[in-house]
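Using the sequences and the hints, build the whole thing.
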Amino acid sequence: MSSFITRFAPSPTGDLHRGHAYSALLAFEAARAAGGTFLLRIEDIDSTRSRPQFEAHILEDLAWLGLRWPEPVRRQSEHMADYEAALERLRSANLVYRCFRTRQEVAQAMASAPHGPMEAYQGAPLPTDEEAERLARGEPFAWRLSLAAALEHLGPRLPLTFLEEGSGPAGETGEIRARPALGGDVVLARKDVGVAYHLAVVVDDALQGVTHVIRGEDLFEAAHVQRLLQALLGLPTPVYRHHRLLTGPDGRRYAKRDRAETLRALRQAGGSPESLRRELGL
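Take the sequence shown: its letter number 193 is residue 193 in the numbering used here, and every next letter is one higher.
The hints are simulated quantities; they were obtained by calculation from the structure and are not laboratory data. Any given hint could be a false lead.
Unchecked claim - Quick list of in silico lysine to aspartate or glutamate cross-link-like pairs, EDC-like style, CA-CA up to 20 Å:
1. Lys191 x Glu139
2. Lys191 x Glu88
3. Lys191 x Glu133
4. Lys191 x Asp44
5. Lys191 x Glu43
6. Lys191 x Asp46
7. Lys191 x Glu78
8. Lys191 x Asp82
9. Lys191 x Glu130
10. Lys191 x Glu131
11. Lys191 x Glu105
12. Lys191 x Glu84
Unchecked claim - Estimated spans, in silico, between C-beta atoms of each pair:
13. Ala113 x Gln53: 42 to 52 Å
14. Met80 x Glu105: 26 to 36 Å
15. Gly270 x Glu152: 57 to 67 Å
16. Glu261 x Phe100: 38 to 48 Å
17. Met110 x Glu78: 30 to 40 Å
18. Arg252 x Pro140: 29 to 39 Å
19. Leu280 x Ala109: 41 to 51 Å
20. Pro156 x Arg68: 39 to 49 Å
Virtual Cβ for every residue (Gly too), placed ideally from N, Cα, C.
This is the structure we're talking about:
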């Protein structure tokens, strides 16, 4: 097996833009330079927003950029049993609880915290009788990681660290002490989805043997939460390499929600991968 395995893991909820191209090319070139492997993973657990046509466009765009990857591509929607098994391990260790609060209720609880607004939500399991009643009524809930229980469970294994070969938003690099409190009691699964981002990512990276995670610095804080989950599940910790975020002419970073120019539009306008690479400084 290659000693350097990295991945590009887009969600098929829209078309790729320059920021995606930059991240994918950095990962691909890093793998090639190390004589390693570049994987493509489709993170399609959001069934309400994921679309087959967006996945098709992603494959076309990446091939146009000159990227190649081993088949078959891992699609998260095809591996829900893997995530359920990981969640069951955490349930068995009493490290998660059912949270019936809506996003709005969570936001209100954080805003009205007795010592001022909380940076990250921390809750607690409901009393057994109340939880049973709400389950009987069919009320939706999310499985949240109990940060307090997780830290108590790890005990002497704390503090946790991870290696950062790139840098975080404030220039963080080298051996980083993980701060799981940044995420609080993160959602690991929802009744209507079955798994949430953090849990799926750490399970996927472990099962695929990913040794290096190369992604934008906007996900630097996610590494702190994911390092905690890796410790709880006994999974290996990859090396992280966070990179700068590209910004458009208006100074705002490229984002799907801002309708950034897509690679598909660039291709259709006659652009070339060579000119895009030069524009990106690659």
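>> Please list, smallest to largest, the hint numbers that this structure does not respect.
In response: Structure breaks no hint.
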